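Novice: As numbered in our numbering, the sequence shown has no gaps in its residue numbers, which increase by one up to the final residue, 399.
None of these hints come from the bench; they were simulated from the model.
All of these numbers come straight from a predicted model, not from anything done at the bench.
Just so you know, even glycine gets a beta-carbon here, dropped at the ideal spot from N, CA and C.
Possibly wrong hints are sitting among the right ones.
[To be verified] Straight-line distance between alpha carbons at most 25 Å, and here's what the computed DSS-like set of lysine-lysine pairs gives:
1) Lys395 x Lys353
2) Lys395 x Lys137
3) Lys395 x Lys95
4) Lys387 x Lys353
5) Lys57 x Lys353
6) Lys232 x Lys57
7) Lys137 x Lys387
8) Lys137 x Lys204
9) Lys95 x Lys129
10) Lys399 x Lys353
11) Lys129 x Lys232
12) Lys387 x Lys399
13) Lys95 x Lys399
14) Lys231 x Lys129
15) Lys95 x Lys57
[Said to hold, decoys possible] Computed spacing ranges between beta-carbons, pair by pair:
16) Pro138 x Thr52: 36 to 44 Å
17) Pro206 x Gly136: 41 to 49 Å
18) Trp43 x Val200: 35 to 43 Å
19) Pro366 x Ala82: 17 to 25 Å
20) Pro138 x Glu203: 48 to 56 Å
21) Gln358 x Thr176: 30 to 38 Å
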Amino acid sequence: MPAIPPTPDQFPQTIYGIHDVEGLSFLQQNNCSGWLVRSVDVWNDPPADYSTVVNAKCRVIVRLNNGYGSAGTIPLPSGYQAFAQQCANWAAGSKGIKVFIIGNEMNIAAERPQGQPILPADYVDCFLKCRAAIQGKPGLANANVVPGAVGPFNIETNYPANPTGDWIKYFRDIMTPLQGQCDGVAVHTYSRGQNPGDIVNQEKFPPPYQNNYRGFLAYQNFVNAIPASMKKLPVYLTETQPLINDVPNWLNQNTGWVTAAFAEINRWNSISNNQPIQALTLFRWLNTDPGWCFSTRPLVLDDFRNAIAQNFLVRLPTGVAPGQTLEQAVMAAVNQVPWMPVNNTAALWKFAKANGLQDQQTDELPMTYLIDDYIVQVFNLGIVYVKVGDWGNIKVIPK
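Given only the sequences and the hints, what does the whole structure look like? Please build it.
Specialist: In structure tokens, the structure reads:
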């Protein structure tokens, strides 16, 4: 299936984000329409309903994992199909989610299944199975399925086409075969230090990685490596934090680092020729590891509040028009499928004829608008749509 065009309703108003849905209260307290990222183990974490998040004008990105540690962020190749089906089941059982990421930092050794390296070709195979399974579920045809972010600065996975394990080459070797077959891009980036100047530090690595930034500006290496045919896709920076002495850590200091990070992404987005970035999410809210958690650092939270006060708005991907109505979303959905010949023996055709709509031109098409599922069908004189469960309230768009 070709890339699913993003729609304005899948984005909040701003680029501010938090890794962990438990950060919703902070965004609400600061009147921020932003992002929340959740990582799940599809075998052990139950499906979730994020309607309350959507109602709070925020949006959730969910990362679907086979597991953590030696279980592998994706399984061994023999388990790809079962994993894909489990991802689809998890997604189908959940509400309020439009964006699903498959796996995490596949190039780092800590994410390997049973220590087996995840090569780009293997990941592409797994991803395509997952995407097909998710988008094949009723109501999920328009789900945005996104490849997992590549671990920056990591050289643990090498192969004949990439003997040095260059993380940007690994990223490119995943994205290139997925042209036209994925719906967005996920990126991770980190700075060396927690001062504002560390955000814009242009230091690069020595050879053979001399083209790659050592710090936060690594996001530019990733975005610039996105194939030209994918420049209209949304980009989500789903993890960022400082590295202190090369180790992830948050110092309880209001240095302006957080404000500078969001300002840098806003600066990037202000350049019309740049592929815009719709999200920057701070890692992380939950105190699963003292070095990762910023919610226990009140001075960092003050910095975050200062950043939110700048009100850096989302710049939509190229070609997405703001203010899409429900009827426009319906039209976008039906235009993604070929219209079929008339079947004048079908019950739905008879219903349409009784209402003066004449012949059936498509099968029933599931779609999602905001958090609600709809069924859409095209007839000669109108496009019929109805909210699932609200069968007595059928609407028609005249053709």
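Novice: Does each hint fit the structure? Answer for all of them.
Specialist: Against the structure, the hints come out as follows:
Between Lys395 and Lys353 the alpha-carbon distance is near 15 Å, which keeps this suggested pair within the 25 Å criterion. With a C-alpha separation of about 23 Å, the suggested pair Lys395 and Lys137 falls inside the 25 Å cut-off, and the hint holds. In summary, the hint linking Lys395 to Lys95 is supported, as the alpha carbons are separated by about 23 Å, within the 25 Å threshold. A threshold of 25 Å between alpha carbons decides the hint, and for Lys387 with Lys353 the separation of about 21 Å falls inside it, so the pair holds.
Taking the CA atoms of Lys57 and Lys353, the gap is near 40 Å; set against the 25 Å cutoff, the hint is violated. The straight-line distance between the Cα atoms of Lys232 and Lys57 is roughly 24 Å, inside the 25 Å bound, and the hint therefore holds. Restraint check for Lys137 and Lys387: the C-alpha separation of about 17 Å stays at or below 25 Å, so the hint holds. Pair hint Lys137 plus Lys204 does not hold up; C-alpha atoms about 44 Å apart against a cutoff of 25 Å.
Straight-line distance between C-alpha atoms of Lys95 and Lys129 comes to about 22 Å, which keeps the hinted pair within the 25 Å bound. Distance check on the hinted pair: Lys399 and Lys353 sit about 15 Å apart at the alpha-carbon level, within 25 Å; holds. Proposed proximity of Lys129 and Lys232 is supported: the alpha carbons are some 23 Å apart, at most 25 Å. A hinted pair counts as satisfied when its Cα atoms are at most 25 Å apart, and Lys387 with Lys399 qualifies at roughly 20 Å.
A hinted pair counts as satisfied when its Cα atoms are at most 25 Å apart, and Lys95 with Lys399 does not qualify at roughly 31 Å. At roughly 23 Å between alpha-carbon atoms, Lys231 and Lys129 fall within 25 Å of each other, so this suggested pair holds. The suggested pairing of Lys95 with Lys57 holds, with an alpha-carbon distance near 15 Å, which does not exceed 25 Å. Taking the beta carbon of each, Pro138 and Thr52 are about 23 Å apart, not inside 36 to 44 Å as hinted.
In this structure the hint that Pro206 and Gly136 lie 41 to 49 Å apart at CB holds, the actual value being about 47 Å. Taking 35 to 43 Å as the suggested C-beta distance range, the pair Trp43 and Val200 conforms, at roughly 41 Å. A hinted range of 17 to 25 Å holds for the C-beta pair Pro366 and Ala82, which are about 24 Å apart. In this structure the hint that Pro138 and Glu203 lie 48 to 56 Å apart at CB holds, the actual value being about 50 Å.
Look at Gln358 against Thr176: about 46 Å separates their beta carbons, and that is not inside 30 to 38 Å.
Of the hints listed earlier, those the structure fails to meet are numbers 5, 8, 13, 16 and 21, in rising order.
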